[in-house]
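Chain residues, written in single-letter form:
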Amino acid sequence: MTLRARAGRTGMMRAGMILPPVLLLALLFLYPLALVVRDSLSPDGAGGGALSTRAYSDVFGEASFRDALLNTIGIAAGATAGTLVLGFVLAFVVAFVPFPGSRALSRFIDVFLAFPSFLITLALLFVYGTVGMANGLWTDVTGASSGPFDFLHTPWGVLLAEVTYFTPFVMRPLLAAFAQTETAQLEAAASLGARPGRIVRQVVLPEALPALAAGGGLVLVLCLNEFGIVLFTGAKGVTTLPTLVYGKAILDGDYTGACVVAVVNVALSAALYGLYRMLLTRTGAHRARPV
Amino acid sequence: MNVRAANVRAMNGGIRNGGIRFDGVTVAYDATVVLDDFDLTVEPGEVMALLGPSGSGKTTALRAVAGFVRPRTGRVLIGGQDVTALPPHRRGIGMVVQQYALFPHMRVEANVAFGLKARKVPRGEIAGRVAEALEMTGMDGFAERYPRELSGGQQQRVAIARALAVRPGVLLLDEPLSALDARLRAGMLTELARLHRELPGLSMLYVTHDQSEALTLADRIAVMDRARLRDCGTPQSLYRAPGSAFTASFVGSANLLAARWCGEDAVELDGGVRIRVRGSGGGEGEATLCIRPHLIGLGEPPGPSGPPSPDVPDMNVLHGAVTGLQWRGASHRVTVSLPPSGAELTAEVRELSSPPALGEKVSVHFAAADAVVLPPGGTP
Amino acid sequence: MNVRAANVRAMNGGIRNGGIRFDGVTVAYDATVVLDDFDLTVEPGEVMALLGPSGSGKTTALRAVAGFVRPRTGRVLIGGQDVTALPPHRRGIGMVVQQYALFPHMRVEANVAFGLKARKVPRGEIAGRVAEALEMTGMDGFAERYPRELSGGQQQRVAIARALAVRPGVLLLDEPLSALDARLRAGMLTELARLHRELPGLSMLYVTHDQSEALTLADRIAVMDRARLRDCGTPQSLYRAPGSAFTASFVGSANLLAARWCGEDAVELDGGVRIRVRGSGGGEGEATLCIRPHLIGLGEPPGPSGPPSPDVPDMNVLHGAVTGLQWRGASHRVTVSLPPSGAELTAEVRELSSPPALGEKVSVHFAAADAVVLPPGGTP
Amino acid sequence: GGSAGADADAAELTVYSADGLKSEDGSGFYDKVFAQFTKRTGIKVKYVEGGSGEMVQRLAREKANTKADVVVTLPPFIQQADGKGLLGTYRPQGSEGVAAGDKDPAGKWTAVVNNYLCFLRNTDKVKTAPRTWDDLLDPRYKGKLQYSTPGVAGDGTAVLVKALHDFGGKDAAMAYFKRLQENNVGPSSSTGQLAPKTDKGELLVANGDVQMNYATMKSMPRLGIFFPAGPAGKPTTVAMPYAAGLVRNAPHADNARKFLDFLLSDDVQQQVSSVGGGFPARSAVRADDPNAKALAEIMKGVEIVRPDWQDIDKNLASYVAAWKQATGS
Amino acid sequence: MPAPYSLVHGRGARWALRALFLVLFLPLFALPLLVIAAASFATGWSGALPNGATTAHYADLARGDSADALLVSLLTAAAASGLALLTGTWAALAAQALPRRVRRAVNALFVLPVAVPSVVVGLAFLVAFSEPPLLLNGTREIVVIAHTVLVTAFAHQSVTAALARLDPAYEQSAASLGASPARVLWQVKLPLLLPSLTAAAGLCFALSMGELSATMMLYPPDWLPLPVRIHAATDRGALFTGAALAVVLMATTLAVLLAVSRIRSKASYRQPS
Ligand SMILES: Nc1ncnc2c1ncn2[C@@H]1O[C@H](COP(=O)(O)OP(=O)(O)OP(=O)(O)O)[C@@H](O)[C@H]1O
Ligand SMILES: Nc1ncnc2c1ncn2[C@@H]1O[C@H](COP(=O)(O)OP(=O)(O)OP(=O)(O)O)[C@@H](O)[C@H]1O
Ligand SMILES: [Mg+2]
Ligand SMILES: [Mg+2]
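In order, the protein sequence lines correspond to chains A, B, C, D and E. The opening residue of the first sequence carries number 1 in our numbering; numbering runs sequentially from there. The opening residue of the second sequence carries number 1 in our numbering; numbering runs sequentially from there. The opening residue of the third sequence carries number 1 in our numbering; numbering runs sequentially from there. The opening residue of the fourth sequence carries number 1 in our numbering; numbering runs sequentially from there. The opening residue of the fifth sequence carries number 1 in our numbering; numbering runs sequentially from there.
Keep in mind that the hints were calculated from the coordinates and are not lab data. Quantities reported herein were computed from a predicted structural model and do not represent experimental measurements. In this text, a Cβ means the ideal position worked out from N, Cα and C, and glycines have one as well. Any given hint could turn out to be false.
[Said to hold, decoys possible] Only some residues are given here: those of chain D computed to face chain A with a beta carbon under 7 Å:
id, residue
1, Gly-53
2, Glu-54
3, Gln-80
4, Val-152
5, Asn-183
6, Ser-189
7, Gly-201
8, Gly-224
9, Ile-225
10, Ala-229
11, Asp-313
12, Lys-314
13, Ala-317
[As the list claims (entries may be wrong)] Covered stretches of chain B, going by a simulated chain C footprint (3 or more residues, C-beta under 8 Å):
id, segment
14, 19-29
15, 123-137
16, 239-252
[What the hints assert, rightly or not] Partial selection, computed: residues in chain C whose CB lies under 8 Å from chain E:
id, residue
17, Thr-41
18, Thr-84
19, Pro-88
20, Ile-93
21, Pro-122
22, Gly-124
23, Gly-128
24, Trp-261
25, Cys-262
26, Ala-266
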């Protein structure tokens with residue numbers, strides 16, 4: 001009896017272990033975030049004044065806001081898809097068809113994580129700009145007056161930069177997962193006559209799915225919030241929610257409006273992330289080991 | 001030309017004709033040689049059992065056939081074709097590995113269907129063959145489970161079903177029944193034997209620790225020892241006339257005693273006990289005497305007309321004290337220590353109604369024809 | 001008070017006194033009940049073998065003792081103390097699981113030392129005990145290897161060494177020798193028996209599929225069937241007088257024939273063959289007849305003075321045709337089909353010099369005292 | 001941790017400043033001036049820099065626990081700071097010599113370094129500088145012209161202000177931007193990055209500011225500075241001074257005042273051109289270093305517009321909104 | 001730590017895959033980095049290729065206080081990734097003991113910080129920590145905390161994913177040998193998770209090294225991380241100096257990542273076949 005009670009308590013203690021990190025997060029993150037929400041509801045200055053959703057209706061009324069919303073979702077979805085594919089291919093080669101130096105190269109890709117994002121856009125400009133290296137090479141070789149690459153200031157430029165920037169987020173967890181794939185399962189699959197493609201699809205991929213899913217989820221959310229790249233790429237007609245936040249907060253000094261957009265942005269991220277996880281559970285519900 | 005044709009054949013669902021040949025295969029992990037200049041041929045349609053102590057290289061031999069380890073030297077042939085450089089999925093094999101290696105994210109059904117899909121078996125046919133394989137292994141009714149929801153023996157049966165479902169030309173089995181109870185094992189053995197009859201070209205290479213499995217199923221037995229092939233032959237020949245003490249102890253149980261030749265058909269144990277042996281022209285110097293426990297009788301030998309008599313010709317009678325007694329259900333194993341050397345002989349006799357007590361003085365007897373002399377070494 | 005003391009004891013390196021009790025334990029995964037109102041007591045110092053078909057719940061029973069599954073109802077007691085709610089590491093057990101579960105990131109040495117460190121064995125003592133456990137399992141010489149560098153049998157031996165090294169009060173073994181060859185298995189059995197002698201309080205719950213293991217090592221055998229305990233008793237009692245056909249087939253092999261009582265000491269097979277059975281006061285209606293294969297003789301029974309005679313009293317003589325013949329090294333298994341029902345009897349007889357051909361007409365005989373009548377059901 | 005300013009009596013002060021006056025290699029205007037100040041007064045200068053709007057936002061958010069003593073930023077953000085009540089009143093010694101348009105009548109801020117909006121061209125591909133705004137509508141600049149985004153970048157805002165002035169009103173200016181959008185590459189948050197693009201030929205025309213581009217021209221030989229004229233025909237530019245103010249509730253207000261005095265001292269004002277490549281705020285200070293001469297050459301004949309920043313601060317949001325609508329961005 | 005079993009057998013297929021790798025890698029990853037590296041040595045870059053080579057930009061850096069900034073970045077990144085790893089791992093491990101739904105909620109909670117635009121994180125931090133109870137604005141701690149909050153999600157995600165793949169048999173065996181949960185954690189779970197942990201650590205470290213948007217709003221005068229400097233330089237047109245600073249930043253990050261990955265390759269394992 002007492003023992004059972006004890007066990008109950010032990011179970012509660014184990015469950016209670018979650019409290020320190022959650023409390024820490026609450027203090028250091030949720031509390032500031034709550035203030036953002038509060039500020040978004042008090043247009044007449046931080047904290048004071050009556051709560052009001054006026055700022056929300058104002059913001060929702062703006063056409064630029066609606067455009068930004070659609071842009072944000074479109075770019076994030078595209079970049080996430082691109083990143084997943086690219087990250088998988090690269091991680092796969094490094095893990096399963098390694099060649100001398102491939103591992104170092106994969107490390108090299110990680111460096112992009114430390115890359116201030118505005119530099120990426122600049123670097124891409126030097127490579128793919130209208131008078132950049134790629135076009136320069138093209139005109140030198142073909143004698144044409146201009147090269148074929150002219151996409152940097154379009155949404156594709158943003159997409160390219162984001163894919164480059166975020167691929168490591170997918171590669172890293174994947175490489176870790178690949179390193180733990182059970183050789184016996186690969187062998188069993190091969191002995192059953194499965195070609196490498198099938199093994200990848202049906203054995204490696206499902207096993208790496210949690211990693212891939214986690215990476216993809218993060219990239220999705222990150223893309224929804226990427227601001228440096230969009231800001232510095234300067235694509236015509238590409239405003240996203242984060243750049244809107246930046247504009248409102250910094251240029252207009254409209255902190256309330258910025259908070260509103262931020263809250264919407266967070267809600268959007270959370271919703272899309274939730275949707276993404278749900279889709280994944282739907283399609284991959286069967287995997288995951290017992291807990 | 002030849003190679004291309006073979007490749008085409010291989011691609012269309014694997015090599016259909018059985019037959020395996022190891023040709024001087026050496027496999028090493030870093031510095032450790034785990035398969036050493038290994039030669040063995042399994043004929044098409046043959047069942048070869050692979051016996052040997054733990055760590056002797058049995059699994060490695062199977063892995064070499066499957067293509068999971070690349071031999072350092074030598075060739076592996078399947079159906080007469082050199083497959084040393086062929087990737088596993090082109091080799092047309094079926095394999096059950098020691099640790100099952102089921103796909104954890106697939107249901108039992110999908111696990112079994114995996115090989116069929118991989119070999120592009122028509123969609124309509126797959127369900128039937130999966131059901132058949134599951135039934136054969138008694139796993140119908142578990143099709144919807146995930147491997148983690150199965151017991152050890154159930155997992156092993158799924159692994160077998162998965163390998164059988166593809167109807168390979170070559171079946172590699174690594175202790176496939178180790179997690180099954182005796183009844184199920186007998187049933188599975190029967191199924192394997194039936195399968196083997198129905199698919200005449202099917203070659204099987206079968207690693208087992210269970211000698212009765214080997215004796216029941218195998219056409220021939222190969223005995224491995226420390227990365228090398230020790231002996232290979234039919235069960236009867238290895239059992240009756242093992243080439244070495246090592247083989248004798250691995251094919252059936254055996255009493256192995258250090259001895260010395262002392263005449264045409266006699267050897268002498270340590271301490272001078274003289275034993276008549278199966279006439280073989282004799283030899284010189286050290287030797288190992290091998291007597292199967294069930295060929296040893298307890299008490300004085302029966303005379304020609306029945307009652308015990310110490311004087312039956314060609315019958316050895318030894319005297320000693322009981323040092324061990326084991327009841328095995330159908331039989332008793334009685335271990336007797338022989339003075340003066342203290343060498344021990346174990347007799348396996350039909351269940352005794354009044355077994356001797358430990359320490360009791362008893363006689364044991366065995367026919368000279370049942371005492372086989374082998375080259376020296378291998379005694380425990 | 002009591003509870004606290006027990007907890008303190010448990011923390012100081014686990015419960016030292018053996019003895020396990022299942023008290024109405026029910027375990028279920030979602031809807032599937034895999035252990036159903038299970039009652040079993042293993043006395044301190046006792047070795048209990050757990051037999052049963054694949055999937056009957058043996059592993060689950062062990063996991064309940066170890067604390068890996070929480071019973072839905074019922075209690076588990078170790079050393080008299082209710083441990084149902086105690087976490088695994090406080091239970092003072094040692095366990096060898098079916099899949100070994102060696103720590104892949106530790107060398108063999110560290111794997112074996114793990115439990116000792118966990119139980120705060122003094123540093124100086126650890127090396128010695130690791131070496132001892134490795135030697136006991138024949139794995140000295142592999143201390144520096146990683147699990148992935150070992151063969152299946154070697155891994156299993158490390159798992160055993162790891163569990164033995166901690167000298168637990170309760171040892172749970174889940175088919176601990178399944179990957180070992182016969183010789184090694186015999187050696188390990190001897191080691192386990194020695195260990196058991198040396199640690200008098202040690203209780204062992206031992207899951208095995210190998211009946212000879214069970215018969216050799218176990219003080220008692222528990223037979224499980226579909227989540228329930230079927231029978232429990234000493235090997236001899238279960239072997240000689242099984243409570244059910246199911247038990248009979250799991251403890252030793254058995255011929256099980258459907259029959260019907262027809263008198264005080266006789267039953268009738270389908271088709272009217274009458275068989276005299278062990279006198280037991282008789283019964284009514286359906287029954288199952290059980291005869292151990294090794295108790296069946298081939299040919300006419302020998303008369304009192306030796307030569308065969310059909311008229312030995314209390315001896316059943318049946319006639320049939322040979323439908324199966326298996327050579328088992330030491331013996332032949334001859335299966336005979338009995339007209340008119342076609343019921344089959346298998347006789348295990350000493351190796352025959354001239355075995356009968358398939359289809360040959362033969363007689364078989366067995367004593368009435370060896371024909372045991374069991375409740376109906378359980379025939380294949 | 002360095003909790004700056006926790007100790008109000010410490011011999012230090014904290015400057016929040018818009019970037020542009022400090023250099024990576026330690027040879028910038030601030031680098032020299034801070035060292036001199038410390039040497040002279042023993043007061044250590046702690047420095048934080050960022051975008052011109054960001055600095056104001058930071059001040060605003062930190063209002064409850066102010067860390068900064070002096071803030072230096074560009075209009076209209078200095079007015080924005082004032083509007084949020086972030087500035088204290090102090091008229092540094094020497095501020096009387098600063099032009100009226102370059103200081104706050106109420107004494108909240110004073111220009112310390114002057115600077116002007118300019119336009120850049122690639123001298124290789126655009127041999128003669130475009131003369132008027134209308135010249136920039138030439139189809140040859142299609143996809144080769146870019147100006148930094150008004151509101152986001154200070155220099156971009158200045159472009160808007162200049163157009164408002166040159167075209168004499170919001171509607172005319174917006175109509176022009178609408179047409180210019182044909183040629184415009186797209187928004188750019190940073191003005192600094194337009195110079196290398198122009199030098200490279202990626203762009204033919206972009207905007208900038210004189211102080212910055214005068215410095216970059218040394219490593220980018222193909223840059224040319226010009227000032228397009230409005231319909232009135234005279235080239236104009238907008239003054240964008242670095243304006244400094246005392247922060248309200250500054251933890252080291254006394255030190256801050258000393259520092260502001262120091263910034264407007266003769267010594268320092270002399271160095272504005274020689275070290276900073278900018279224009280002295282005190283009109284009376286006449287430097288004759290080579291930089292000063294070159295800068296004067298550049299500015300020759302250009303009319304300097306001193307907009308009503310107060311008004312711009314108030315209406316900037318509506319101007320930017322109008323601009324966004326006109327350009328569809 | 002290459003796979004002992006090679007998935008792709010044909011030489012042709014192998015080389016095709018490697019070629020694919022390079023075809024993707026070179027234009028997307030290698031070239032941009034090379035451009036930055038080249039720019040850091042360029043006297044100017046007016047055409048498709050740099051005008052000339054010089055090491056002057058690096059010499060300039062040596063004169064300023066870029067070394068301090070680099071040190072600040074390194075310390076911040078080390079502290080932030082350490083804290084994030086601790087918090088994230090702790091949360092991931094503790095979440096295992098929770099009921100499914102709660103666990104999901106906790107997991108979502110830890111992803112939330114990435115869902116907030118970093119500018120907002122910066123501003124919100126200033127608002128929240130410029131008033132009691134926590135007065136942190138203008139301190140180094142606020143930078144470290146902000147970085148920690150921003151990267152914790154990554155640590156948490158990696159570890160959670162790895163935990164889902166961990167076979168419970170190891171844990172159970174350890175417990176049956178008498179190992180307390182703490183010992184199981186330290187000696188079994190964490191070593192088995194090591195590849196994921198080091199991966200997470202590297203990820204967090206690199207992210208922190210490159211963080212700009214929030215840092216810009218928060219950094220105190222005596223704690224100026226390198227990206228802020230890079231931004232300041234580039235933003236005022238000192239492109240080549242900025243490139244040199246970026247090269248320094250990336251080389252340092254790469255060196256640290258390589259060092260971290262060494263820890264990993266020593267302890268990594270593949271399960272037996
Ligand atoms: N997670 C699970 N979910 C559902 N059923 C399960 C699960 N785990 C085990 N079972 C079922 O429980 C039953 C008992 O399993 P257990 O492992 O105890 O069997 P066992 O007696 O050890 O068998 P074996 O001899 O084959 O190892 C099996 O039928 C198995 O399919
Ligand atoms: N990766 C490895 N590195 C080093 N040695 C290895 C490795 N894998 C296996 N070995 C060694 O190779 C030898 C042969 O292994 P193998 O698995 O073929 O044995 P086995 O005959 O199947 O044994 P068992 O009956 O125990 O399964 C063993 O001694 C083993 O320790
Ligand atoms: Mg093996
Ligand atoms: Mg089991």
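For each hint, the structure was consulted:
1. Gly-53: 4 Å, holds
2. Glu-54: At about 6 Å, which falls below the 7 Å cut-off, the nearest Cβ of chain A leaves the hint on Glu-54 of chain D intact, so it holds.
3. Gln-80: Since chain A brings a Cβ to about 5 Å from Gln-80 of chain D, closer than 7 Å, the hint holds.
4. Val-152: 6 Å, holds
5. Asn-183: 11 Å, violated
6. Ser-189: 4 Å, holds
7. Gly-201: Nearest chain A Cβ about 5 Å off; hint holds.
8. Gly-224: 17 Å, violated
9. Ile-225: 21 Å, violated
10. Ala-229: 27 Å, violated
11. Asp-313: Violated - the Cβ of Asp-313 of chain D stays beyond 7 Å from chain A, reaching only about 9 Å at its closest.
12. Lys-314: Given a least distance of 11 Å, the restraint on Lys-314 of chain D is violated.
13. Ala-317: 5 Å, holds
14. 19-29: violated (count 1)
15. 123-137: violated (count 0)
16. 239-252: holds (count 5)
17. Thr-41: 21 Å, violated
18. Thr-84: 15 Å, violated
19. Pro-88: With a closest approach of 4 Å, the Pro-88 of chain C hint holds.
20. Ile-93: Result: holds, 6 Å to nearest chain E Cβ.
21. Pro-122: Constraint on Pro-122 of chain C not satisfied, violated at 15 Å.
22. Gly-124: Since chain E brings no Cβ nearer than about 19 Å to Gly-124 of chain C, farther than 8 Å, the hint is violated.
23. Gly-128: The hint is violated - Gly-128 of chain C has no Cβ within 8 Å of chain E, the shortest such distance being about 18 Å.
24. Trp-261: Since chain E brings no Cβ nearer than about 50 Å to Trp-261 of chain C, farther than 8 Å, the hint is violated.
25. Cys-262: 54 Å, violated
26. Ala-266: 53 Å, violated
Figure legend: structure checked against the earlier numbered hints; hints not met, in rising order: 5, 8, 9, 10, 11, 12, 14, 15, 17, 18, 21, 22, 23, 24, 25, 26.
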